[in-house]
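Sequence order for the protein chains is S and F.
If you read the first sequence in numbering that gives the first Met the number 0, its first letter stands for residue 0, the second for the next number, and so on.
If you read the second sequence in numbering that gives the first Met the number 0, its first letter stands for residue 0, the second for the next number, and so on.
Honestly, the hints are just simulated from the structure, not real lab data.
Any given hint could turn out to be false.
[Said to hold, decoys possible] Capping the alpha-carbon separation at 30 Å, the derived lysine-lysine pairs in DSSO-like fashion look like this:
hint	chain 1	residue 1	chain 2	residue 2
1	S	LYS326	F	LYS97
2	S	LYS154	S	LYS188
3	S	LYS22	F	LYS208
4	S	LYS22	F	LYS292
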Amino acid sequence: MKTSLLAADARTKKRNAAEARFKAYGFAAIIVAMLALLILLTSVLGNGMSSFRQTYIALDVALPEEKLDKSGVRDLSVMSKVTTIGYAPILRNALLDALAAQGIETELSDKDIGNMISKEAAATVRNKVLANPDLVGQTVSFDVLASGRIDGYFKGRVTMESAALDGNTSPEALMIAQALADAGVIETKFNWNFFVWPDASDQRPEAAGLGVAILGSLYMMIVVLVLALPIGVASSIYLEEFAPKNRWTDLIEVNISNLAAVPSIVYGILGLAIFINFMEFNQSSPLVGGLVLTLMTLPTIIISTRAALKSVPPSIRDAALGVGASKMQSVFHHVLPLAAPGILTGTIIGLAQALGETAPLLLIGMVAFVREYPAAYTPDAGLFGEASTALPVQVFNWTQRSDPAFVERASGAIITLLVFLLIMNAVAIYLRRRFERRW
Amino acid sequence: MQSLTLPFIAIAGLAVLGYFLAKSRALQVSEGDIRKLVSLPSQHALNAVLATIVPAVAAILLISLYVRLTDGTGSWFFQFVVIGLAVTGLALSLIGIKTETRARTFAERWILGLLIFASTIAILTTIGIVFSMLFETFNFFGQYDWRDFFFSTNWSPNFRGNSDLGIIPLLWGTLYISFIALAFAVPVGLFAAIYLSEYAGPRMRSVAKPAIEVLAGIPTIVYGLFALITVGPFLRDYFAAPMGFGQSASSVMTAGLVMGVMLIPFVSSLSDDIINAVPQAMRDGSLGLGATKSETIRQVVVPAALPGIVGAVLLAASRAIGETMIVVLGAGAAARLSLNPFEAMTTVTVKIVSQLTGDTDFASPETLVAFALGLTLFVITLGLNVLALYIVRKYREQYE
């Protein structure tokens, strides 16, 4: 049997093939992971980008005095007795006038045409009139919200076929909408209100916004920052710089690493039992949410702070002690400032985690439907005590609604949340790059 | 809450007052020459401030707790006690100012006390978690037989009473979903870690590593939405329905796969650390004997890293079992004992959420069962974590 070192024998070929296969598995695993990320992001972006645009109808609305203010004295208490039900026909007439002006003819009943305008629009117009009673009697231009189905038509969510099966709209209505859009009356433009308006009821997805959720999340982040940062830093300083090595500190250490791995929903149960049932803080308040998230974030902050303290070389401490500083002074005057960038980075990452956390907030009642902007302080409810919701919880809330328009809203909210997280993480990376010192 | 405003304002005022009084008194006892003082005037001032604030605030916390426990209401007496403590602390620290007083040491004792208090909050949290669930779990077992809870195979809560609250179908769903998630995440994560640490060049590493870590930074609600609107309908239309497995978009498979994606970075970054900790000498020895790279990895590196990898998998399993939002949105709500992975099932966490949201009555077993479920979940994940941390720590010592 002839063998040559240059020609690979069967066994070598087999081994080389196994080598190539193994490498390919590894490469495939990376591709799978990257692909998963790509699909995830495109799915969310593809579903949610349209929520940043909204369809509006430009209407010249005549505000007749005999309907809105019979007395004619512009007394607000009398005028506010006209509810949104009184305003709806005024808007419908304005739309009918617009149709007539464009020369669009239709067999649709007036009621169905009125349904092309969002139910929220009447409330918007009413608020504007009540804020400025002099508008009554004039003809004023308003950009009013189109209904969710019309909005969906311009975003491709509603088609002629689906409208034919839909009780809330009809192909004729879509045709009118198209004609109005061609005439420039209906316009789809950037939806700033998505970030400002509060949540809206099941029937008016077009008016649902993130205002309350963003405010609630902001309040909770303030609570978390104010509590978790000092407590986390203090406890890390003790454990890293002062604690004697004994059973008690061992117990604390094991405890912290275990707390970091406790499922988040368990913190929700803790919040429900301790903060709401026992301490009787207000349900669904940012205060309780912030406290729960603080307890969740503490282990993250402690672990990163300890790493930052550990990276400060002992020579710094020795030098401070050598010129007569006490142990406490060496830590607070020298070690802590040097560790600050690391601590800050860890804190921001902890906050980002807290911002995206949902499960514990469900249990403390933040799923409630909240339309009032929560105040930071009221004498009745105390600091951060008013009912509120939070960004990730708002997403969950919207996924539970039946109208498919809310899926778009939920994805839009996710994009908003991800943008916030991106900014926080970018700041953390920047701080690390800018201020990190290597000894 | 109202009754706390006055004490807080009083304490803050006294602290500010103490700062200036202590400073001027220190200067006064030094007769204008601060070199006579053992401690600087600012340290006397700090001591006075801390002596005013710390005991009074501690008293407020203790009294609030006492008032809660006894169902009483805060009275003027408590306010008096709190403000009295603040005044006493201030007065004592002011009287104590002499040239030879070691104010720095005293001030630092207060600070050390605060540091120790901060570090016990971790312990208090754990105690809080255990007790908040233990208490209500006992209430639950007072109303519902524990044997039925642990061994009944039927879960059908009924708010009019007479519910079947067996944990087995929930545990089954939890374990089934976690199993699928791990079956997906462990090979992918492990191979990704091996490729990144053994094969990939620096450029590949600099792209792939952050990309995988981005997966770890995405909130679980995003994964949940992904399962609900993309993965669920996709699996139903292309796998479950054509193959006759069912018509449900939310299924064990949906939740399992998405959870698997979530766990990839978890498995890969932990295994990456562990593989990198295997000494280079072991690889060199194997390569020197003529083994190919893959043979070295399979027969030397991975066996050496195995305990650590097992630890990583256990940690990932505890994550999977405790995960909530993905299963709430992706797995469904029907408690079922079935083998079909395309059927909707439910988990312990989903039921905790559903029993504790909406109208809850903390006297009925249907609500209280959530605490028993939570405690079970906590015990399982705690066991996995302790085991995993023990293995990882033990393994690390081996090569250090």
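**OP:** Could you check the structure against the hints above and give me the numbers of any it violates, in ascending order?
**Re:** none
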